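So the protein lines, in turn, are chains Z and P. For the numbering used here, add 756 to where a residue sits in the first sequence, where the first one is 1. For the numbering used here, add 45 to where a residue sits in the second sequence, where the first one is 1.
Everything labelled a hint here was simulated from the structure, so no lab data went into it. Hints should not be assumed to be uniformly reliable.
To be verified - Computed Cβ-Cβ distance ranges for the label pairs, DEER-style:
(1) Z:Thr798 - P:Val160: 44 to 54 Å
(2) Z:Lys844 - P:Gly322: 36 to 46 Å
(3) P:Ala313 - Z:Thr832: 51 to 61 Å
(4) P:Ala123 - Z:Gly858: 30 to 40 Å
(5) Z:Ala785 - P:Pro232: 39 to 49 Å
(6) Z:Gly817 - P:Ala134: 54 to 64 Å
(7) P:Pro177 - Z:Thr798: 48 to 58 Å
(8) P:Val138 - Z:Thr760: 25 to 35 Å
(9) P:Arg251 - Z:Pro793: 29 to 39 Å
(10) P:Asn280 - Z:Gln930: 36 to 46 Å
(11) Z:Arg803 - P:Arg153: 15 to 25 Å
Note that the structure is predicted; figures quoted are calculated from it, not measured. Idealized CB from N, CA, C, for every residue including glycine.
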Amino acid sequence: MRFTPALATAATALVGSTSGYAVEYLTVAQAQQTIFPGATFTDASLRLTPEQVKFVSQKSGARLRSPDIHVWRTNTGSWFFLDEVLGKHEFITYAVGLDAKGAVCGVEILVYKESYGQQVQNPKWRAQFTGKTAASPLKLDEDIQNISGATLSSRHVMEGVKRILAIHETALAQR
Amino acid sequence: MKPPLPNAEARLRRARPLLGTVVEIQVSGLAPAQLERAISRAFAAITHVQMVMSFHDPASDLSRINRLAARRAVRVDAATWTVLRHARALTRVSEGRFDPSIAPILQRWGLLPGVPHPRQPETNGSAICLLPGRRVRFLAPLTLDLGGIAKGYAVDRAVAVLRRAGVPAGLVNAGGDLRVFGNHAAPVHVRHPTKPGLFFPLGELRDGALATSALTYSGKIQQGTATGALVDPRNGTACGQNLSITVLARSAWLADALTKVVAVDPAAARPILARYGARAVILDTQGRADWLDTPLRHVA
Chain Z
757 MRFTPALATA
767 ATALVGSTSG
777 YAVEYLTVAQ
787 AQQTIFPGAT
797 FTDASLRLTP
807 EQVKFVSQKS
817 GARLRSPDIH
827 VWRTNTGSWF
837 FLDEVLGKHE
847 FITYAVGLDA
857 KGAVCGVEIL
867 VYKESYGQQV
877 QNPKWRAQFT
887 GKTAASPLKL
897 DEDIQNISGA
907 TLSSRHVMEG
917 VKRILAIHET
927 ALAQR
Chain P
46 MKPPLPNAEA
56 RLRRARPLLG
66 TVVEIQVSGL
76 APAQLERAIS
86 RAFAAITHVQ
96 MVMSFHDPAS
106 DLSRINRLAA
116 RRAVRVDAAT
126 WTVLRHARAL
136 TRVSEGRFDP
146 SIAPILQRWG
156 LLPGVPHPRQ
166 PETNGSAICL
176 LPGRRVRFLA
186 PLTLDLGGIA
196 KGYAVDRAVA
206 VLRRAGVPAG
216 LVNAGGDLRV
226 FGNHAAPVHV
236 RHPTKPGLFF
246 PLGELRDGAL
256 ATSALTYSGK
266 IQQGTATGAL
276 VDPRNGTACG
286 QNLSITVLAR
296 SAWLADALTK
306 VVAVDPAAAR
316 PILARYGARA
326 VILDTQGRAD
336 WLDTPLRHVA
């Protein structure tokens, strides 16, 4: 183990930084190939009916923010969902792969961003993270690379996965 | 500009929701396809640890021993066995300052589900009996929670899998329990103990592990006093309030578990840290960093 401290002496005050923390792990195309290597994808995005929205909320216990669902079908009959969760301080874009039988076969985080300012609630600010392609990489603050001390809980993402399973059940399982 | 070589070495950074947090893996030094395969195996290893040591899943090893081991010996998975061996050894060395049998206290505080057993007295990690054939028996009714050690162990497992796959350098970070290996230097920031949007630069870590425990997220307010996942197992009181405790050690399970020993009793922790070749730093709300060892000679 080798450690070089930022400051050499004991009991000194450290200077804090308040910049946000953001990482882009994968573009949408990369996430598709990570979960379903070699597959081809056809956009199968859909809008849920009010009845389906009600079913999803009841079945998953997680509120649906929009009836518009971003989903692709693979050439092998699997499904690739793109979704985002917006917590009090975090914004996470993630993808869920379901096989042809509707079982989860992959969950990948595309973008993780935490902020203690107001911008996380701003739709324009959030819009910069969606629909990213390999040609338009995100500009991020790279000063803070590794954080110790609990990162935000992944509870919202796990709730999102349950929601996607319910969406599949009500809107896609019969196809 | 030269075009990239077809088999060029790559750097990959991936994250998945696991262990109740966001687990990140960074790797470099092999062709992209090999790194992808290695990362996917490392995440599978973490998923396995999560599955066998989950407090919430009734089918996990942990739930099985909590249910049955007071009555009969229960055989467990190799991963669970290793974590229990580490936990028992540290309980002994720390004279009970680390103790996995604190689950009833966390249940009483509402930090773990379920109602504590009415006849279960104080914590008693020394009643965990490890028998040949990876079998576990409790000599008294106990409820274990491996939350204070299993997350670090999962990081160690992931690193072992990456190395076995031939990855020369990388990092695994499970919500602040992180380990770096190979020729990878990781600059690390630590969160302010009570203002999670504020980060302090701690230093640069190579070939080792680091874990931080603080009440930032796990703390709850109960009856006017803050209680959190940092418990003194000897008397069931909350400890480490408004402090962030970071331990540097050779492995992540050790760093993870030693943060609890330091939280309980910083002064008594010094010889225990020294015994394991570990170091600790306590950050207070003023941003003061107090190293629990002699100041280093390095100059940043």
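Here's how the hints hold up against the structure:
Taking the beta carbon of each, threonine 798 of chain Z and valine 160 of chain P are about 50 Å apart, inside 44 to 54 Å as hinted. A beta carbon spacing of about 39 Å between lysine 844 of chain Z and glycine 322 of chain P agrees with the range 36 to 46 Å that was offered as a hint. The hinted range of 51 to 61 Å is satisfied by alanine 313 of chain P and threonine 832 of chain Z, whose Cβ atoms lie roughly 59 Å apart. For alanine 123 of chain P paired with glycine 858 of chain Z, a C-beta distance near 32 Å keeps the hint of 30 to 40 Å intact.
Take alanine 785 of chain Z and proline 232 of chain P: their Cβ atoms lie about 30 Å apart, and the range 39 to 49 Å is violated. For glycine 817 of chain Z and alanine 134 of chain P, the hinted distance range of 54 to 64 Å is not satisfied, since their beta carbons lie about 41 Å from each other. Separation of proline 177 of chain P from threonine 798 of chain Z is about 57 Å and conforms to the stated range, judged on CB atoms against 48 to 58 Å. Under the hint 25 to 35 Å, the C-beta atoms of valine 138 of chain P and threonine 760 of chain Z, about 28 Å apart, fit the expected range.
A C-beta distance of roughly 33 Å is found between arginine 251 of chain P and proline 793 of chain Z, which places it inside the suggested range of 29 to 39 Å. In this structure the hint that asparagine 280 of chain P and glutamine 930 of chain Z lie 36 to 46 Å apart at CB is violated, the actual value being about 59 Å. The hinted range of 15 to 25 Å is not satisfied by arginine 803 of chain Z and arginine 153 of chain P, whose Cβ atoms lie roughly 47 Å apart.
The structure shown violates the earlier hints numbered 5, 6, 10 and 11.
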